[in-house]
Amino acid sequence: MHTFNSIIALINREFKITYRNFSDILSIFLFFLLGIMIFVFSVGGNTKIFNEIGIGIIWTLLLLSNNLSLRKFYQDDFNDNSIILFHISGLSYEIISLIKMIVNWIFIQLPFFIIIPLGVLLLNIDISNFQIIFLSFLIGSTIITCIASISGSMNLLNNKNFAIGSLIIMILSIPVIIFSVSLINLADEFIKAQISILLGIMFFFLAITPWICAACIKLALQSK
Amino acid sequence: MLLANNIYFKRNNRKIINNVSLSLSDHKIIHLTGNNGAGKTTLLKIITNVLELQKGEIYWNGKNIKKNPFDFYKNVTFIMDHNTSNKSLTINENIFFWRKLFSSKRNNKEIDSILELLSLNHLQNTLISYLSYGEKRKLELSRLIIEQKKLWVLDEPYNGLDQSSINLVNHTLLNHMKLGGMIIFTSHFSPEIPNIENLYLDNHAHL
Amino acid sequence: MKFLVNPNRFNNFSNIILKPLIYLSFTSLILGLIFSLYLSPNDYQQGSTVRIMYIHVPAAWLALLTFFIMTIYSIIGLSFKISFSYIVISAVAPIGATFTLICLITGSLWGKPMWGTWWVWDARLTSVAILFFLYLIIIFLKNSFTNVSIGEKVTAMFVIVGSINLPIIKFSVDWWNTLHQPASISKLSSPSIDPSMLRPLIIMTIAFTLIGLLVAIMRIKAEILLRKLG
Chain A
1 MHTFNSIIAL
11 INREFKITYR
21 NFSDILSIFL
31 FFLLGIMIFV
41 FSVGGNTKIF
51 NEIGIGIIWT
61 LLLLSNNLSL
71 RKFYQDDFND
81 NSIILFHISG
91 LSYEIISLIK
101 MIVNWIFIQL
111 PFFIIIPLGV
121 LLLNIDISNF
131 QIIFLSFLIG
141 STIITCIASI
151 SGSMNLLNNK
161 NFAIGSLIIM
171 ILSIPVIIFS
181 VSLINLADEF
191 IKAQISILLG
201 IMFFFLAITP
211 WICAACIKLA
221 LQSK
Chain B
1 MLLANNIYFK
11 RNNRKIINNV
21 SLSLSDHKII
31 HLTGNNGAGK
41 TTLLKIITNV
51 LELQKGEIYW
61 NGKNIKKNPF
71 DFYKNVTFIM
81 DHNTSNKSLT
91 INENIFFWRK
101 LFSSKRNNKE
111 IDSILELLSL
121 NHLQNTLISY
131 LSYGEKRKLE
141 LSRLIIEQKK
151 LWVLDEPYNG
161 LDQSSINLVN
171 HTLLNHMKLG
181 GMIIFTSHFS
191 PEIPNIENLY
201 LDNHAHL
Chain C
1 MKFLVNPNRF
11 NNFSNIILKP
21 LIYLSFTSLI
31 LGLIFSLYLS
41 PNDYQQGSTV
51 RIMYIHVPAA
61 WLALLTFFIM
71 TIYSIIGLSF
81 KISFSYIVIS
91 AVAPIGATFT
101 LICLITGSLW
111 GKPMWGTWWV
121 WDARLTSVAI
131 LFFLYLIIIF
141 LKNSFTNVSI
151 GEKVTAMFVI
161 VGSINLPIIK
171 FSVDWWNTLH
181 QPASISKLSS
191 PSIDPSMLRP
201 LIIMTIAFTL
211 IGLLVAIMRI
221 KAEILLRKLG
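For the record, the sequence lines run as chains A, B and C. Going by the working numbering, 11 is the number at position 11 of the first sequence; the sequence numbering is gapless. Going by the working numbering, 45 is the number at position 45 of the second sequence; the sequence numbering is gapless. Going by the working numbering, 65 is the number at position 65 of the third sequence; the sequence numbering is gapless.
Rather than coming from a laboratory, the hints here were simulated on the basis of the structure. It is possible that some hints are incorrect.
Claimed, not checked - DSBU-like, lysine-lysine: derived pairs with alpha carbons at most 35 Å apart:
#	chain 1	residue 1	chain 2	residue 2
1	B	LYS150	A	LYS16
2	C	LYS228	B	LYS55
3	A	LYS218	C	LYS228
4	A	LYS224	B	LYS10
As the list claims (entries may be wrong) - Quick look at which bits of chain B chain A covers, simulated, 3 or more residues with Cβ under 8 Å:
#	region
5	42-52
6	67-74
7	100-106
C-beta: ideal position from N, C-alpha, C; glycine also.
Build the full structure now, drawing on both the sequences and the hints.
Rendered as structure tokens:
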């Protein structure tokens, strides 16, 4: 009962803090849209090319935009010792990281359900089947949240090499991009199979992310 | 009853705590002193299981706190060197968060009177980012009253406080001790509280 | 079995098997090369270029096997707090990276005369390229932290997360029949490869495994010594 109260309290707090600082999140979406515009300008007038690579561009920009949200995961609460407070109130570090991931998913990934169609519109991609895009994004966004959480917690550990977190995000999300992007152009008989591959990757990450993030947080506290 | 035995802690190949033991029972206050960098904050973090020690054990009421940390945490309030109030929230929001987080039974009236005592009640709806350091510190200390736990672990509680607030803190500590609580705190400042046990942490062990 | 997790037992065990291992590994390498280059037939389609397969395929298998071993040691090291595992991981990572590189380069050299292209972005090649980058990151990750013991643990975590790549590589050949050949050796069905080609393949695999083991043992012993001194 106490644990349940603590979890609700933490979720409430995260919600309040996130929407008080909504400009942080807005800048992530702006980054995405500006990125799309940069792509439009960089290919010159050849907009037909977006029919082929448009989805790939959208996924790439999704990834890069998530790079910006790394700092919001644990760094602030780690710096002012709030994360120790959450732990002493009875929540294990695994639960804390799960809550952070849920809040991140709701505030950063969910709005992309609206922004991605916007991107598709801007790039003038010929898509008949939005369902598949949304499905692949549903699964892929969860995986991206997990990866961002892992690199956010690894970033806590070092002052030396700051780009590590971003590198980790990029390398680990390559399989996700491969499967999500190719889903669009796949014939119907393969779609189910590929979706189950994506689901497999998602469950793998969901299983190990809280454990890894908790381990990194404990390590970071040890050497603060 | 808190018992710490032969604690050994090293970090980055530097021995910070070497063979330190202490015990805290009801109605007792320990004042931990030492030079800067002697390891007082580290020792407090070890006692509250925030840091993992390499050698030694810590017992709460006979049970090793490592085996069941959450049972131990239910009895501890740890006021740390940093202030945990979030700068995007108001005083009230932070306090209600702490109340729900620790499942505290303080009702709104009691909270209002606590804030009044700390002279913070006119700032109840102000964002923390607008407060001064001393006001943030006082807010942090209010956690002691909200959480209502037995063992109080305080790291430099008097930092940034004005004289009346210092008197208030001393009064609160004395009260808690009289009611059967236990307190261990660090401070360079020696408060006027009777019956304190003073422990000096030199660069390796106890005196 | 304690020699797998205990440095002293490991040293004793490796001292015993080192000499025989050196002889065995070089013998099997020479034997394998003789079989691959002389005693095996030409492929009726590819001619003698098929012989690159005898290096390419064992290298690929070893690259995957090495990562698999690193994953097991990472799990053991993090769960049971055995510091010997981190020694094994950092010793074995460059070996895996080398095998992956051999696999990529020989694959490229094989691809040009066969299919007319040095490289193509199909699923299997891409996943192996990712594996190579994973290895590189693992090699450099440990020392990019201010505290090396933290770096080791983070590397172990990274290995575990990166291990998702293994089933992807393994099954990518089944999932896509693009440029790459479908798997020709499987335990469940009878091999679709002629025994005269299977023989050199197996011998080369054994040779690579033994050589990899040899280098790994020497690196681990060196690391144990280094830690004793430092």
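Against the structure, the hints come out as follows:
no., hint, result
1, B/LYS150 - A/LYS16, "holds, 31 Å"
2, C/LYS228 - B/LYS55, "holds, 21 Å"
3, A/LYS218 - C/LYS228, "holds, 27 Å"
4, A/LYS224 - B/LYS10, "holds, 13 Å"
5, 42-52, "holds (count 4)"
6, 67-74, "holds (count 3)"
7, 100-106, "holds (count 4)"
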